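**Q** For this one, chain E is given, so just place chain Y on it according to the hints.
Here's the letter readout for the chains.
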Amino acid sequence: MKTNRNLVVGAALTGFFTIAALISFLWVPYDIEALNIADRMKTPSFSHLLGTDHFGRDILSMVMIGARTSIAVALVAVGIGMGLGVPLGLAAAARKGSLLDELIGRGNDLVFAFPSLLIAILITATFGPSALNAIIAIGIFNVPVFARLTRGSALSIWKRDFILAARVSGKNSAQISVEHILPNLSSLLIVQGTIQFSLAILAEAALSYVGLGAQPPTPSWGRMLADSQTMISLAPHLALAPGLAIVFTVLGLNLLGDGFRDVFDPRLRRGRT
Amino acid sequence: MARYILTRLLSLLISLTVASAVIFALIEIIPGDPAAFMLGINAQDDTIAALRAELGLDTSPLERYFGWVSGMVTGDFGTSYTYRTPISEMIAERLWISLPLALIALALSTLIAFPVGILAASKRGSLTDTIVMGFTQLGVAIPNFWFAMLMVLVFAINLRWFSAGGFPGWDEGLFTGLKALTLPAISLALPQASILARVMRSALVDTLDEDFMRTARAKGLNRRQAIQRHALRNAMIPVLTIIGLQFSFLLAGAIIIENVFFLPGLGRLVFQAISQRDLIVVESVVMLLVFAVIVVNFAVDIAYVLVDPRLRRQG
Chain E
43 MKTNRNLVVG AALTGFFTIA ALISFLWVPY DIEALNIADR MKTPSFSHLL
93 GTDHFGRDIL SMVMIGARTS IAVALVAVGI GMGLGVPLGL AAAARKGSLL
143 DELIGRGNDL VFAFPSLLIA ILITATFGPS ALNAIIAIGI FNVPVFARLT
193 RGSALSIWKR DFILAARVSG KNSAQISVEH ILPNLSSLLI VQGTIQFSLA
243 ILAEAALSYV GLGAQPPTPS WGRMLADSQT MISLAPHLAL APGLAIVFTV
293 LGLNLLGDGF RDVFDPRLRR GRT
Chain Y
-14 MARYILTRLL SLLISLTVAS AVIFALIEII PGDPAAFMLG INAQDDTIAA
36 LRAELGLDTS PLERYFGWVS GMVTGDFGTS YTYRTPISEM IAERLWISLP
86 LALIALALST LIAFPVGILA ASKRGSLTDT IVMGFTQLGV AIPNFWFAML
136 MVLVFAINLR WFSAGGFPGW DEGLFTGLKA LTLPAISLAL PQASILARVM
186 RSALVDTLDE DFMRTARAKG LNRRQAIQRH ALRNAMIPVL TIIGLQFSFL
236 LAGAIIIENV FFLPGLGRLV FQAISQRDLI VVESVVMLLV FAVIVVNFAV
286 DIAYVLVDPR LRRQG
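First to last, the protein sequences are chains E and Y. Mapped onto my numbering, the consecutive letters of the first sequence carry residue numbers 43 to 315. Mapped onto my numbering, the consecutive letters of the second sequence carry residue numbers -14 to 300.
Looking at chain E on its own, in the form it has when it is part of the complex (with noise of 0.2 Å):
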């Protein structure tokens, strides 16, 4: 039973923010670019359901132009990951004990022993901060993730007979991985696929909240939550909306992933989380 609330929450979840980011590109409530300085730090009511900030925007226009922002960074970023990722898993798999699979194994460790947030702030800080280089740098650190999984996972399947079948009928090793082993693999990179989507919205909340994820007058949540701070005492509810939008939307993809893993997995069901 346990499953299936994991999931339809965490659908709901996840469901509710694409499609505030959704309808965002259609209609917002007001335009974020017009300030209304009369109208500043107003708190939630009936003509902006949650309040206005410093300059007098609609922080519910700005949360859902937000959830755009943390989307498209987080999933632009876990697909650079599984993109690279993937096809690098399967190769080293199917060379397994080459010098490619030696190649992609360290660089794999290497990737892994950065402190991922850290070497983010370095690329942003060098190449200028943009949304474009969060997510090439929450991208990098996703490949190793997405190129050992598919790795360890593949040269399980690799040892099954029907890939034996597959050889004898002539096929080669790429034809095999592409055509044998991926579909295989599916189910195992969506749910991982959910929890890296999950740990790329934190990063790019955190990159954004240091100033070095997309750029104002873009609005992500992040960004909001830094121009909130210096007004806490005075306007708790700015750093609220954005704050909350985070925490469900991370859960939601989490509770998804959970959910996800106990549908493709049965023999997981039980115990473990």
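You can take every hint at face value.
So, partial list: chain Y residues that the calculated Cβ filter (under 10 Å) puts toward chain E: (1) 0; (2) 3; (3) 11; (4) 122; (5) 128; (6) 135; (7) 138; (8) 236; (9) 256; (10) 267; (11) 279.
One-sided excerpt, in silico: chain Y residues whose CB lies under 7 Å from chain E: (12) 126; (13) 131; (14) 142; (15) 233; (16) 241; (17) 259; (18) 271; (19) 274.
For the record, the hints were derived by calculation from the structure and aren't laboratory data. Every value quoted in this text rests on a predicted model; they were computed, and no experiment measured them. All C-beta atoms in this analysis are idealised placements derived from N, C-alpha and C, irrespective of residue type, glycine included.
**A** Only chain Y this time, still in chain E's reference frame:
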């Protein structure tokens, strides 16, 4: 055992070499001439050239790289472009804030996570388990800098138990210093404790089903004794891995938290240095942190073998 340590040591050296090369290369890419930046826009070309020579910027990148690395090995990190003081002194001063902060946070995280994880695992499937794991699920999802802001709001602004930020210095007494680090350490520790508690729980749950646990109970140990003497030791491998990873996360994560609390630690030093283009400081602090992380991971690898002698054979 000796062979295992030796291979780990070799990979430690390789990691350090590659890491230093990567950091150096990244800093090299940054556009702009530090000498020109230091002297301002009105500087004469020959003044800039003289300063470049003084800073050693006129030599080739390879020479500078080796100069930097050999300096660091002997504890000489060079001189800050901005402050003209030895970087090793600047780092030592800041380290007295960042290191205690990371260590207190690590201790807190472990102290919270162990009992919580053990409780959840031993009451697996119960209401207690569900509630405790629900809280850890929430803890994992909370960004530590936001949690820090909320703590400032509650404990510094509303209750006035702590100051909202800043560091009075250790000269003001151990208690005053520790008090200033309390909120930052808790903000760093709580999300980490949630992760660690979840790992502790699932590692323990795995071992509770093992045959040796049944044997231990059959021998007459009660549940608590069996968990303490047999299950915990076997669950330590994944837990140790995470503690090792967390230390590096706490050192680097402190960068963000130091910003929330205006603590003059290594993290703030890095940010100031970035904005002042004091690249040699950035380079050295980042290298120092990476060094710490790699060495801690090495120590964790060695600790595995001490905890689990079975791993010795695999070398």
